[in-house]
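> Knowing the structure of chain C, use the given hints to seat chain S on it.
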Amino acid sequence: MSVIAPKFRLGYFIKALLDNIFWAVVLLTLAGIPAIMILLFYIDLPIIDGQILTPFLAFTWMTHPEMSVPLVKAFMQTDFFRIAAFPGFGFGALLAAGVIFVERKMLAKLQLRVGPFYCGKVEGILQLMSDGIKLLTKEIIIPAKADKPIFWVAPLLFVGTAAAFVSLIPVAPKTVVADIDVGLLAVFAIIGFFPIITVLSSWSANSKYPFIGGIRALHQMISFEIPLILSLLGVVILTGTLNLSEIVESQATYWWIAFLPVGAIVFFIAMLAELERIPFDLPEAESEIVAGWLTEFSGMMYGLVQLGSYLKLYAFAGLFVVLFLGGWQGPMVWPPFPEEIVTEGITMGPVTAQIPGLPLFSQEMLNGTLWFILKTAAVIFFILLPRGVFPRIRIDLLLHVGWYRLIGLSFVNIFIALGLLYAGVLGPEGIL
Amino acid sequence: MTTQLPPGLQLEKVDERIMTLNVGPQHPGSGHMRLIVQVDGDYIVACDPDPGYVHRGEEKMCEYRNYITNIPHLERPVIHDSCNILYPYCLAVEEILGLEVPERAKYVRVIASELNRCVYTMYWLAIYGIFLGHSTMFMWPMGDRELLIDLLEKITGARVTHAYFVPGGVRNDLPANFEDVCLRQVNYFEKRIKEYADIFYDNPILISRTENTGILSRQDAIRLGTTGSVLRASGVDFDIRKKEPYDVYENLDFQTNVLQSGDSYARSKIPWLDMFESCRIIRDALRKMPKSGSVRVKLKPNPKGGDVEVYRRVESGRGALGMHVISKSKPEPYRVKISVGSFRNLICIPYLLRGEKLGNMPAVYWSLNYWPVEADR
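Sequence order for the protein chains is C and S. Residue numbering for the first sequence follows this note's numbering, beginning at 1 and increasing consecutively. Residue numbering for the second sequence follows this note's numbering, beginning at 1 and increasing consecutively.
Keep in mind that the hints were calculated from the coordinates and are not lab data. Bear in mind that the values here come from a model prediction, so they are computed numbers and not experimental data. Some hints here could point you the wrong way.
Simulated restraints on C-beta separations [as the list claims (entries may be wrong)]:
no. : chain 1 : residue 1 : chain 2 : residue 2 : range
1   : S       : Phe276    : C       : Val412    : 39 to 45 angstroms
2   : S       : Asn172    : C       : Leu112    : 29 to 35 angstroms
3   : S       : Gly225    : C       : Thr137    : 50 to 56 angstroms
Stretch-level coverage of chain S by chain C, calculated; a stretch enters the list once three of its residues show a Cβ under 8 angstroms from a Cβ in chain C [as the list claims (entries may be wrong)]:
no. : segment
4   : 201-214
5   : 353-362
List time: in silico DSBU-like cross-link candidates among lysine-lysine, alpha-carbon distance up to 30 angstroms [unchecked claim]:
no. : chain 1 : residue 1 : chain 2 : residue 2
6   : S       : Lys304    : S       : Lys337
7   : S       : Lys357    : S       : Lys60
8   : S       : Lys357    : C       : Lys145
9   : S       : Lys243    : S       : Lys291
10  : C       : Lys109    : S       : Lys191
11  : C       : Lys148    : C       : Lys138
12  : C       : Lys145    : C       : Lys208
13  : C       : Lys105    : S       : Lys191
14  : S       : Lys154    : C       : Lys109
15  : S       : Lys357    : C       : Lys208
16  : C       : Lys109    : S       : Lys194
17  : S       : Lys194    : C       : Lys105
18  : S       : Lys304    : S       : Lys330
19  : C       : Lys105    : C       : Lys138
20  : S       : Lys357    : S       : Lys337
Just so you know, even glycine gets a beta-carbon here, dropped at the ideal spot from N, CA and C.
Just chain C, with the same shape it has in the complex (with noise of 0.2 angstroms):
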């Protein structure tokens, strides 16, 4: 059956517009005014220049070239910004745009090929957002047997938990959205999420390869969780902290991995099989089981699932940096900020302009955002590289790799890790 659409006439828009104009007015006096209501009495408004912001001051100083940059800067500070831009999900996403881009060319160079050409006119880079737009316009399609609220709710559930994983990677000094003293216990337990989220959602779906890629992972990522954890415990024992700003600022004069580096190879693997990245890609090995768990998903929840993994590679990187590479720590690149334009202005010819609140950044947010942007890229750069090289591993030699191998060599970094501890070298009151 199909619908032809009708003719766009504008009388019918205005008459369509009047018949549900009652509805709308109710609505919004029903919704938007307690919205209005709860903004005005129960959040906490910042204080600027001695005047507690209120909307209706926010309006106004929109219009005011000289509140406007300090009201920029209030917003940088919300929760909200922190969240959803610039530590949290917004940049991890731009980065992960940026690795998808970075991956496809780097392959299609290793492989001989061109890679994504034409759209976005430079080496294609618009292809990301064209297949973005493509995954949004599909038509999603869900198995009649499937247990629909959960094969809904997947793969948000996927991205909302990488999402919180990236929240807890300290970019910067003071540059963090939860920067809280068991980071490194709420990244276990993130990571402990990831194992149930594919379980359900290819569980749910009903079909015969999400079930088998379901097992898959869940037997990969729970294998490899032990090494992984173990792995960490060697700069746990060192630094004293589950901070994760903490481990990096310990970290001013040498990076750890200058004396883990079994424990930082042991984590890059485990990280591997945790991201199902090649040659861990067994949960979604196209030749033997279609797509693994993310079969049954179609349109834009395959979207979600991918920009989740990508999240998530994100945020494993980022976790190696904090970890092994020092974190922000680097020698200042950045220049400082000119302290003129602060005290007089910046001067355009005749005109003089007054701009308080500047700078936006802090010259050490800046310096630290880009060395760990760097470093971060490094590890990606090196999580990529086996897909161009190595081939699929096969599940009993994964499982045995994780087992005897991983978890051996685990032990042995927290040996060193003690080692260098109660010899007095590193640590509280190491010598050095």
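Below, chain S without anything else, positioned relative to chain C:
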């Protein structure tokens, strides 16, 4: 009493633990065929290959066309190896019609068929790479294959379906200056395929995946009637180019590669080693080939044979490829029976996959050097 349905069509569950997977025909890990796989967890309990999705009735079609018009459709089963599938047909028809092939044409045929064998093997190797999850191994052979396709295009004018062999020689002579171009391309090609050892054959993960999987013993290989690379990987030195030399293979300098282990790794390595021999054969043939002369004998418009039966076979990319042509004094053959290596190697699948892990399925299945379209004919 209910009739016993094939395993893929069973509605009731045989066992709670056993799950039946229909791998194919619309599955990234199958060709144009179906593998009905019963798995217990990650272990394969039984595997039943179900070919026949691309059956074209080539043998029946042969009975309605004369000896010349049979050529273009007979190469369709393996368009990548079209010279080799036409080779036994041309040899058989030449014997029926009593044609004497010129010496130069014999060398040209050898060159074309060896080039075509390499083209096929590269395609096969590319798919073997992607079956094991190695995307670089998919792209590299697909790119390097173009070198030889260019050569074949220079000779025949077409990239894949050449229709180059005709009873009594080849369709046209080699182009001018072909020898130099061919030598250059083949030398570069040989240099390229040497690099596959680094990325693929010496790769520790590949070795750990394919070694000691799907072992076909020497006795089983002979008993099941396998041919070609599968047979040679099991330690049987059988190559029709050596055992029953046709055209000028007896004059050429090459050797057959035999490995003893009979596992997937050996089966995947034999075609790659054979490509080096193909390069040797091409170079040798270019050197020994008469520099001028006819490449084709003139045929009557609608040639007719006597009451004879001829069976000729050649070594194709997938093993022995035989054609049994029966002539009943008519312009059309009375019957053409095509015996292909693919189908004979397919028989091993239930024996090799039983008890293997599901992850080994693509590695074992595609190592059998199997081309689904050819098996269906």
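> Would the pair Lys357(S) and Lys60(S) pass a check requiring their Cα atoms to be no farther apart than 30 angstroms?
It is violated: about 40 angstroms lies between the C-alpha atoms, which goes past 30 angstroms.
> Three or more residues of the segment 353-362 of chain S near chain C by CB distance under 8 angstroms?
holds (count 6)
> For Lys145(C) and Lys208(C), compute the direct alpha-carbon distance and say whether it is at most 30 angstroms.
Cα-Cα ~12 angstroms, so holds.
> Between Gly225(S) and Thr137(C), does the C-beta distance stay in 50 to 56 angstroms?
holds (53 angstroms)
> For the pair supplied as a hint, Lys304(S) and Lys337(S), confirm whether the alpha-carbon distance does not exceed 30 angstroms.
holds (19 angstroms)
> Are the Cα atoms of Lys109(C) and Lys194(S) separated by 30 angstroms or less?
Judged against 30 angstroms, a Cα distance of about 20 angstroms means the pair holds.
> Next pair to validate is Lys154(S) with Lys109(C); report whether the Cα-Cα distance is within 30 angstroms.
Between Lys154(S) and Lys109(C) the Cα gap is close to 29 angstroms, so the pair holds against 30 angstroms.
> Mind checking the alpha carbons of Lys105(C) and Lys191(S) for me, to see if they're no more than 30 angstroms apart?
holds (26 angstroms)
> Kindly confirm whether 39 to 45 angstroms is satisfied by the beta carbon distance between Phe276(S) and Val412(C).
For Phe276(S) and Val412(C) the Cβ distance comes to about 44 angstroms; the hint holds.
> Falls inside 29 to 35 angstroms, the C-beta gap from Asn172(S) to Leu112(C)?
holds (33 angstroms)
> With the threshold set at 30 angstroms, check whether the alpha-carbon distance from Lys105(C) to Lys138(C) stays at or below it.
Holds, at about 25 angstroms.
> Quick one, are Lys243(S) and Lys291(S) close enough, alpha carbons at most 30 angstroms?
Since the Cα atoms of Lys243(S) and Lys291(S) sit roughly 28 angstroms apart, the hinted pair holds (cutoff 30 angstroms).
In summary, the structure is inconsistent with hints 7, 20 from the numbered list given earlier, while agreeing with the others.
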